[in-house]
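Enquirer: Go by the hints and put chain B onto chain A.
Chains A and B, in that order, give the protein sequences. This note's numbering puts the first sequence at residues 286 to 398. This note's numbering puts the second sequence at residues 1056 to 1168.
Since the hints were derived computationally from the structure, they do not count as laboratory data. Each statement offered as a hint is correct.
With a straight-line cut-off of 30 Å between C-alpha atoms, the simulated DSSO-like cross-links for lysine-lysine are: (1) Lys334/A to Lys1064/B; (2) Lys1138/B to Lys1069/B; (3) Lys1138/B to Lys1112/B; (4) Lys343/A to Lys354/A; (5) Lys343/A to Lys353/A; (6) Lys1112/B to Lys334/A; (7) Lys1112/B to Lys1126/B; (8) Lys334/A to Lys1126/B.
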Amino acid sequence: AQSVTQLGSHVSVSEGALVLLRCNYSSSVPPYLFWYVQYPNQGLQLLLKYTSAATLVKGINGFEAEFKKSETSFHLTKPSAHMSDAAEYFCAVIPNTGNQFYFGTGTSLTVIP
Amino acid sequence: DGGITQSPKYLFRKEGQNVTLSCEQNLNHDAMYWYRQDPGQGLRLIYYSQIVNDFQKGDIAEGYSVSREKKESFPLTVTSAQKNPTAFYLCASSIGFSLDTQYFGPGTRLTVL
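Okay, chain A solo, but in the shape it has when bound (with noise of 0.2 Å):
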């Protein structure tokens, strides 16, 4: 069964400090991958998705996230982190065969001044 895991289940960084949420899949085949944030009592906005095509993805509000198939990672990356990145990060996969999103279980960032 297709599963991703969202290590470290709350991060907190310095204001301006390199963001770093880190999201591993299992899968044999490159599969559809997305990063959502959640900002407390709100749905779901899509930062980012990998489709197969550019390895390293570029997404809103300075958020970027590289495609690693050897490692089997999508780590999400900002290089300096604002008090409004404070919120819930989900990373999503859609196998290959695809019929379903997974979600992982999300990582809070706090952002410290």
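Expert: Frame of chain A; chain B shown alone:
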């Protein structure tokens, strides 16, 4: 503006009562989905619909029911058979089913008193 609306934002229910959550989209999407979100568990799929008058059970369908009589509407009923209904419920839609980005509504928080 196109989007997905969910109502109400907050809902309180007494034990033993059925309650219906509304989800409407004007994106002309064929596929719609219902997820349940609990702290630390990510999103879990309740039901999905690929097309009008058709829907399928997801991973946690017990105690829930849906209908899809119109393309733009996909209401979810939480029945008294659902043992632990207190959660945040998210509706989503996509252009087609599988391999398509899902777009989310703002969510409904259901609390059973």
